[in-house]
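Each protein sequence line maps, in turn, to chains A and B.
Quick note, the first sequence lines up with residues 1 to 417 if you use this note's numbering.
Quick note, the second sequence lines up with residues 1 to 417 if you use this note's numbering.
If you are wondering where the hints come from, they were derived from the structure by calculation, not from laboratory data.
A hint or two may mislead.
Straight-line distance between alpha carbons at most 16 Å, and here's what the computed EDC-like set of lysine to aspartate or glutamate pairs gives [unchecked claim]:
hint: 1; chain 1: B; residue 1: Lys173; chain 2: A; residue 2: Asp346
hint: 2; chain 1: B; residue 1: Lys173; chain 2: A; residue 2: Asp352
hint: 3; chain 1: B; residue 1: Lys166; chain 2: B; residue 2: Asp346
hint: 4; chain 1: A; residue 1: Lys166; chain 2: B; residue 2: Glu179
hint: 5; chain 1: B; residue 1: Lys166; chain 2: A; residue 2: Glu313
hint: 6; chain 1: B; residue 1: Lys166; chain 2: A; residue 2: Asp346
hint: 7; chain 1: A; residue 1: Lys166; chain 2: A; residue 2: Glu177
hint: 8; chain 1: B; residue 1: Lys173; chain 2: A; residue 2: Glu177
hint: 9; chain 1: A; residue 1: Lys166; chain 2: A; residue 2: Glu313
hint: 10; chain 1: A; residue 1: Lys173; chain 2: B; residue 2: Glu313
hint: 11; chain 1: A; residue 1: Lys173; chain 2: B; residue 2: Asp186
hint: 12; chain 1: A; residue 1: Lys166; chain 2: B; residue 2: Glu177
hint: 13; chain 1: A; residue 1: Lys166; chain 2: A; residue 2: Asp346
hint: 14; chain 1: B; residue 1: Lys166; chain 2: B; residue 2: Glu371
hint: 15; chain 1: A; residue 1: Lys173; chain 2: B; residue 2: Glu177
hint: 16; chain 1: A; residue 1: Lys173; chain 2: A; residue 2: Glu187
hint: 17; chain 1: A; residue 1: Lys173; chain 2: B; residue 2: Asp346
hint: 18; chain 1: B; residue 1: Lys173; chain 2: B; residue 2: Asp186
hint: 19; chain 1: B; residue 1: Lys173; chain 2: A; residue 2: Glu187
hint: 20; chain 1: A; residue 1: Lys166; chain 2: A; residue 2: Asp48
hint: 21; chain 1: B; residue 1: Lys173; chain 2: B; residue 2: Glu187
hint: 22; chain 1: B; residue 1: Lys166; chain 2: B; residue 2: Asp352
Just so we're clear, the structure is a prediction, and the values are computed from it rather than from any experiment.
Protein chains: 2
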Amino acid sequence: MSIASRNSARRILILGGDGFCGWPTALHLSDAGYDVTIVDNLSRRMIDVELEVESLTPIRPMSERLAAWAEVSGREIGFHRFDVARNYQRMVNLLLDFEPDAIVHFAEQRAAPYSMKSAAHKRYTVDNNVGATHSLLAALVESGIDAHVVHLGTMGVYGYGSAGMKIPEGYLKVHVETEAGAMATDEILYPAHPGSVYHLTKTQDQLTFAFYNRNDGIRVTDLHQGIVWGTQTEQTARDERLINRFDYDGDYGTVLNRFLMQAAIGYPLTVHGTGGQTRAFIHIQDTVRCIELAIGNPPAAGERVRILNQMTETHRVRDLADRVAALTGAPIDYLPNPRVEAAENDLHVANDTLIQLGLRPTTLDTGLFTEVTDIAARFAHRADTRRIVCRSAWRADRRTEPTTTVTTAPPAASTPV
Amino acid sequence: MSIASRNSARRILILGGDGFCGWPTALHLSDAGYDVTIVDNLSRRMIDVELEVESLTPIRPMSERLAAWAEVSGREIGFHRFDVARNYQRMVNLLLDFEPDAIVHFAEQRAAPYSMKSAAHKRYTVDNNVGATHSLLAALVESGIDAHVVHLGTMGVYGYGSAGMKIPEGYLKVHVETEAGAMATDEILYPAHPGSVYHLTKTQDQLTFAFYNRNDGIRVTDLHQGIVWGTQTEQTARDERLINRFDYDGDYGTVLNRFLMQAAIGYPLTVHGTGGQTRAFIHIQDTVRCIELAIGNPPAAGERVRILNQMTETHRVRDLADRVAALTGAPIDYLPNPRVEAAENDLHVANDTLIQLGLRPTTLDTGLFTEVTDIAARFAHRADTRRIVCRSAWRADRRTEPTTTVTTAPPAASTPV
Numbered sequence: 001m002s003i004a005s006r007n008s009a010r011r012i013l014i015l016g017g018d019g020f021c022g023w024p025t026a027l028h029l030s031d032a033g034y035d036v037t038i039v040d041n042l043s044r045r046m047i048d049v050e051l052e053v054e055s056l057t058p059i060r061p062m063s064e065r066l067a068a069w070a071e072v073s074g075r076e077i078g079f080h081r082f083d084v085a086r087n088y089q090r091m092v093n094l095l096l097d098f099e100p101d102a103i104v105h106f107a108e109q110r111a112a113p114y115s116m117k118s119a120a121h122k123r124y125t126v127d128n129n130v131g132a133t134h135s136l137l138a139a140l141v142e143s144g145i146d147a148h149v150v151h152l153g154t155m156g157v158y159g160y161g162s163a164g165m166k167i168p169e170g171y172l173k174v175h176v177e178t179e180a181g182a183m184a185t186d187e188i189l190y191p192a193h194p195g196s197v198y199h200l201t202k203t204q205d206q207l208t209f210a211f212y213n214r215n216d217g218i219r220v221t222d223l224h225q226g227i228v229w230g231t232q233t234e235q236t237a238r239d240e241r242l243i244n245r246f247d248y249d250g251d252y253g254t255v256l257n258r259f260l261m262q263a264a265i266g267y268p269l270t271v272h273g274t275g276g277q278t279r280a281f282i283h284i285q286d287t288v289r290c291i292e293l294a295i296g297n298p299p300a301a302g303e304r305v306r307i308l309n310q311m312t313e314t315h316r317v318r319d320l321a322d323r324v325a326a327l328t329g330a331p332i333d334y335l336p337n338p339r340v341e342a343a344e345n346d347l348h349v350a351n352d353t354l355i356q357l358g359l360r361p362t363t364l365d366t367g368l369f370t371e372v373t374d375i376a377a378r379f380a381h382r383a384d385t386r387r388i389v390c391r392s393a394w395r396a397d398r399r400t401e402p403t404t405t406v407t408t409a410p411p412a413a414s415t416p417v
Numbered sequence: 001m002s003i004a005s006r007n008s009a010r011r012i013l014i015l016g017g018d019g020f021c022g023w024p025t026a027l028h029l030s031d032a033g034y035d036v037t038i039v040d041n042l043s044r045r046m047i048d049v050e051l052e053v054e055s056l057t058p059i060r061p062m063s064e065r066l067a068a069w070a071e072v073s074g075r076e077i078g079f080h081r082f083d084v085a086r087n088y089q090r091m092v093n094l095l096l097d098f099e100p101d102a103i104v105h106f107a108e109q110r111a112a113p114y115s116m117k118s119a120a121h122k123r124y125t126v127d128n129n130v131g132a133t134h135s136l137l138a139a140l141v142e143s144g145i146d147a148h149v150v151h152l153g154t155m156g157v158y159g160y161g162s163a164g165m166k167i168p169e170g171y172l173k174v175h176v177e178t179e180a181g182a183m184a185t186d187e188i189l190y191p192a193h194p195g196s197v198y199h200l201t202k203t204q205d206q207l208t209f210a211f212y213n214r215n216d217g218i219r220v221t222d223l224h225q226g227i228v229w230g231t232q233t234e235q236t237a238r239d240e241r242l243i244n245r246f247d248y249d250g251d252y253g254t255v256l257n258r259f260l261m262q263a264a265i266g267y268p269l270t271v272h273g274t275g276g277q278t279r280a281f282i283h284i285q286d287t288v289r290c291i292e293l294a295i296g297n298p299p300a301a302g303e304r305v306r307i308l309n310q311m312t313e314t315h316r317v318r319d320l321a322d323r324v325a326a327l328t329g330a331p332i333d334y335l336p337n338p339r340v341e342a343a344e345n346d347l348h349v350a351n352d353t354l355i356q357l358g359l360r361p362t363t364l365d366t367g368l369f370t371e372v373t374d375i376a377a378r379f380a381h382r383a384d385t386r387r388i389v390c391r392s393a394w395r396a397d398r399r400t401e402p403t404t405t406v407t408t409a410p411p412a413a414s415t416p417v
């Protein structure tokens, strides 16, 4: 029996359902029996055009994806192309029309390097991400639809220094001195330490959620996700027309997938800085399961924003590189770090809630590396190795090479939708 | 000797220099010897058009204001009309051209009730306020201009419940338990508790400042201001063409000024809820002095965001009403509270830094009430008493009367600038 059949949430809206996490989530939930509708403005594909790069895997246009899924599964997924941050009235109309029980919100620009590329990219990321989250919540209030919002946040909101603490799930118990000299105890939103403009927007989202939750009773689960690796899920692997995107470029490629792809095509593994950065990870198959678990376990009416750490393990970047190198014989290339961050950090993270809800983690298993390297090897002919190095820099003094003479710009707001 | 002559900050850009606090600040700094240039898109005047209300005082168009100041003082103030949130390139060009030493940032929608009026007003407030602050910081990074940003924040970012604590100046010392069971001490940004979408944007601004301060070394002073009362300053009183604006309507009027105006025109004092809300206050004359003190004492290079509480005293709203009633014989009208907030709260606030820097507070003095009531009585014929009641509500269930059939909308983004 699927989880969906055991709970009452039936209609799910997926904002950003064309992306790396959004697409497999849409298929997983559709497969689990939910009635799924996607909203996406295709901004991620447009950014590929801007960056002159393509998914290593040959992802199909949305209409072909949806037709293939209907053919393979016998299930329909709805699709609306509009911009959640800007096309406010379309969102209100869709809420009133579709009456979703839950809304999975991926409709944000998700790459930290892209968010630091230029002033235009910083401003696009803020306008898009802060605007999308806020417009969604304002639309829920206006429409009166009581849907559970499941938002994809990031472990990065916590920052990567925790003074010997295990990072809790969103809320931190603190003791403060009162005027009378006594100690008072309070539980607060974990202090934000964003490391890029992208991460900044996710910390701003947290405040938006907290306000609308308190003022209007909007029910929210905020999933603070680790770095996703892997490519395919049970559903995206069913037909090549359903294949998930695979980003390997310096802006959108995530670290472990980049290593695996680099090894597969015979390119040195690119470690930025010492590689002493410890990060949290999760496999794409677990991402989609976690989202289903979050949907199946909504907060009660009046409950504060529920924050879950959606990660399964932590690793140092250089340890990952060593592991991939040992397995494949690939050399490691230590490059200057374009980010302004600590060279080394520890990271201990609580992820009890999703485990208690039933997640059985897909931990880093070199067996699973094969899936990724197989995909990478198969589509190696599509790789443009000029796009592998990260050209975005956190500050002008972190730029490793002159930028190309092409000035790129984020998707125009004027694209008709 | 003026403070300006004792320090090196000479060129000051004032964003939002046409508003209730911005205009007197521009005149005060110009009078103190600074070279002042104003940026304003006149949005506050356009909102008056939308709300079908006018400043009780007959404020003059910007060109007349500036000509009058030049005539009275012999000093020129520059003026550029554009939208700081949207006209990014104009901001970059102005920074490179004017090379300001400090930038006073008032370019935000400042009324909590207005920010809660409708979804369009919520979205306008977020887009405008978060966008203006972020665009300014991105423009400083791109231009490479090392100007000190002095931002007008609000005491409201702290919320109004402090568990017996004296609210510190921005940063809170907390003790947390480590994994080993020991206690670690940290100083964190005071946890945000915004009470409206307007306040939400100011808490989001704090995160933007912290990020750009840490990543790019932008020097910022964030002034968490109390509720401003009074109308005129030494400079705005010099010539009637320089008169400051006086808002008395339910959205933009601040509580004490509303009471004083209501008393002057024979309207019952409007207390929302029990009047047990304790708030922090500051006189407009002290506002402009505090900003000069902040400019004269910039943070050092590499220093974290400096946060000062810009208020001089706290009062319960009903005590203020009683005081004005006792003085004038005005009756008090207790109305339903359109806000979602605690009925009663205490408030203890640290304001040591501005006092140490030399502020001599203009505390609540019934003598000063006369200035306001004189102005109100003089312009009573301009009052539209239908605009006194607050029609904005924090939630649909807090609406006290049906809204009028006129649907208002915030200033169009398309106004050519």
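How the hints compare with the structure:
At roughly 23 Å between alpha-carbon atoms, Lys173 (chain B) and Asp346 (chain A) are farther apart than 16 Å, so this suggested pair is violated. Taken as a hint, the Lys173 (chain B) and Asp352 (chain A) pair is broken in the structure, with Cα atoms around 28 Å apart against an allowance of 16 Å. At roughly 10 Å between alpha-carbon atoms, Lys166 (chain B) and Asp346 (chain B) fall within 16 Å of each other, so this suggested pair holds. For the hint pairing Lys166 (chain A) with Glu179 (chain B), the CA-to-CA distance comes to about 6 Å; that is within 16 Å, so the pair holds.
A hinted pair counts as satisfied when its Cα atoms are at most 16 Å apart, and Lys166 (chain B) with Glu313 (chain A) does not qualify at roughly 41 Å. Proposed proximity of Lys166 (chain B) and Asp346 (chain A) is contradicted: the alpha carbons are some 34 Å apart, above 16 Å. Using a Cα cut-off of 16 Å, the hinted pair Lys166 (chain A) and Glu177 (chain A) is violated, with the two alpha carbons roughly 23 Å apart. As the CA atoms of Lys173 (chain B) and Glu177 (chain A) are separated by approximately 8 Å, the hinted pair is consistent with the 16 Å bound.
A distance of roughly 13 Å separates the Cα atoms of Lys166 (chain A) and Glu313 (chain A); the hinted pair therefore holds under the 16 Å criterion. Restraint check for Lys173 (chain A) and Glu313 (chain B): the C-alpha separation of about 31 Å exceeds 16 Å, so the hint is violated. Between Lys173 (chain A) and Asp186 (chain B) the alpha-carbon distance is near 13 Å, which keeps this suggested pair within the 16 Å criterion. Under the criterion of a C-alpha separation no larger than 16 Å, the hint pairing Lys166 (chain A) with Glu177 (chain B) is consistent with the structure, at around 9 Å.
About 10 Å separates the Cα atoms of Lys166 (chain A) and Asp346 (chain A), which keeps this hinted pair within 16 Å; it holds. Restraint check for Lys166 (chain B) and Glu371 (chain B): not satisfied, since their Cα atoms lie roughly 32 Å apart, outside the 16 Å limit. Distance restraint check for Lys173 (chain A) and Glu177 (chain B): the Cα-Cα separation of roughly 8 Å lies within the 16 Å cut-off, and the hinted pair is therefore satisfied. Proposed proximity of Lys173 (chain A) and Glu187 (chain A) is supported: the alpha carbons are some 4 Å apart, at most 16 Å.
With a C-alpha separation of about 23 Å, the suggested pair Lys173 (chain A) and Asp346 (chain B) falls outside the 16 Å cut-off, and the hint is violated. For the suggested pair Lys173 (chain B) and Asp186 (chain B), the alpha carbons sit about 6 Å apart, so the restraint of at most 16 Å is met. A threshold of 16 Å between alpha carbons decides the hint, and for Lys173 (chain B) with Glu187 (chain A) the separation of about 14 Å falls inside it, so the pair holds. Pair hint Lys166 (chain A) plus Asp48 (chain A) does not hold up; C-alpha atoms about 37 Å apart against a cutoff of 16 Å.
Proximity of Lys173 (chain B) to Glu187 (chain B) is assessed by CA-CA distance (about 4 Å); at most 16 Å being required, the pair is judged to hold. A distance of roughly 12 Å separates the Cα atoms of Lys166 (chain B) and Asp352 (chain B); the hinted pair therefore holds under the 16 Å criterion.
Of the numbered hints stated above, those contradicted by the structure are hints 1, 2, 5, 6, 7, 10, 14, 17 and 20, listed in ascending order.
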